[in-house]
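Q: In order, the protein sequences belong to chains Y and R.
Note that the first sequence covers residues 1 to 138 in the numbering used here.
Note that the second sequence covers residues 1 to 130 in the numbering used here.
By construction, these hints were calculated from the structure, which means they are not laboratory data.
Don't be surprised by glycine CBs; every beta carbon is placed ideally from N, CA and C.
Fair warning: there could be bad hints in the mix.
As the list claims (entries may be wrong) - For each label pair, taking beta carbons as the anchor points, the in silico distance ranges come out as:
1. Ser18/Y with Phe120/R: 33 to 43 Å
2. Ile11/R with Ala31/Y: 57 to 67 Å
3. Thr102/Y with Phe120/R: 52 to 62 Å
4. Ser18/Y with Ala100/R: 18 to 28 Å
5. Lys50/R with Val68/Y: 32 to 42 Å
6. Glu104/Y with Gly118/R: 47 to 57 Å
7. Met124/R with Ser111/Y: 19 to 29 Å
8. Ile97/R with Glu104/Y: 20 to 30 Å
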Amino acid sequence: MPSMNIFDIAGSGMNAQSLRLNLVASNISNANSVSSSLDEVYKSRQPVFKAELKNVMDMQNTSSKVSVVGVVESQEPTVMEYAPHHPMADGNGYIYKPNVNTVEEMANMMSASRSYQNNVEVLNTAKQLMLQTLKMGQ
Amino acid sequence: MAINFDNALGIHPQALALREKRSEVLASNLANADTPGYKAKDLDFRAALKKSMPSNTSMERTQEGHFSANDRLLGATMMFRNPNQSSLDGNTVEAHIEQAKYSQNAVEYQASLRFINGKFSGLMSALRGE
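Based on the provided sequences and hints, a complete structural model is requested.
A: Following this line, the structure appears as C-alpha cells:
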C-alpha cells in the first residue's frame with residue numbers, strides 16, 4: 001500500500017526552498033538598485049515558512065508539509081547616501097540604497113540549495129522504495 | 001488447510017506499513033528543516049512492534065466494546081526528538097540526524113520487503129511442488 005504522501009511532503013519542501021532561492025536571486029540582483037526616495041527603494045525580501053497541519057486533533061496525521069505563508073520585506077534601515085551629482089539624487093542631494101546584505105544572502109542561498117538537495121534525495125529514495133514495492137512477489 | 005496470508009507472512013506486512021509511515025514522518029522533518037518553531041518527530045518502532053506482537057498474556061475481551069490491545073500497530077506513539085543543539089528559532093530539526101535516520105529506515109524497509117518476497121517465493125515453490 002504505497003502512499004504517495006511522501007512525494008507531496010518532499011515536493012512542498014522543494015517548492016518552499018525554490019521560492020527562497022528566487023527571493024535570494026531577486027535580493028542580490030537588486031542590491032545596487034539606487035532610488036531617489038525612501039518609499040521607492042528596494043527592500044530585502046524574505047519568505048515565511050510554516051508547517052502545515054492537516055488536522056491537529058488527528059494523532060495519525062502528524063507528518064506535515066511546508067507552506068509559504070508569505071513574503072515579508074526586511075525592516076532594517078535603508079542606506080542613505082549624500083551624492084548631489086548622482087542623476088537619481090533627490091532635492092537635498094541624497095540617494096537611497098537597498099538594505100540588502102549580500103553576505104547574508106549568500107549564506108541564505110547555500111542553506112536553501114542544501115535543503116533543496118535534501119528533499120530531492122528523500123524523493124529519489126522514496127521512489128526507489130515504491131518501485132521495489134510494486135515488484136513485490138515477482 | 002487453507003492458505004492464510006496473515007499466517008504465512010507473519011509480522012512483516014505490518015512492519016513494512018510502519019516503516020513507510022516512519023519514512024513519511026522523517027521526510028516531513030527534512031522538509032521542515034527551515035521552518036521556525038517546527039519540532040522534529042519520530043515513531044517508536046520497537047514499542048509499536050512489541051504492541052503488535054501476539055503474546056500469551058494478551059488481555060481478554062469479555063465484551064464487544066472493549067478495545068483490543070494488539071491491533072493498533074499504526075497507532076504507534078509519536079514522540080518529539082531531543083535536539084543535541086537547539087536553534088534560536090525553536091526548530092529542533094537536525095538535518096544530518098534526520099538524513100541518517102531516513103536512510104536507515106529505507107534500508108530496513110528493503111529488509112522487510114525482502115522477507116516478504118522470501119515468504120512469497122517459499123509459498124510459490126510449495127504450490128508448484130517441484
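Q: Each hint: holds or not?
A: Against the structure, the hints come out as follows:
no.: 1; hint: Ser18/Y with Phe120/R: 33 to 43 Å; verdict: holds, 41 Å
no.: 2; hint: Ile11/R with Ala31/Y: 57 to 67 Å; verdict: holds, 58 Å
no.: 3; hint: Thr102/Y with Phe120/R: 52 to 62 Å; verdict: holds, 59 Å
no.: 4; hint: Ser18/Y with Ala100/R: 18 to 28 Å; verdict: holds, 25 Å
no.: 5; hint: Lys50/R with Val68/Y: 32 to 42 Å; verdict: holds, 40 Å
no.: 6; hint: Glu104/Y with Gly118/R: 47 to 57 Å; verdict: holds, 54 Å
no.: 7; hint: Met124/R with Ser111/Y: 19 to 29 Å; verdict: violated, 50 Å
no.: 8; hint: Ile97/R with Glu104/Y: 20 to 30 Å; verdict: holds, 26 Å
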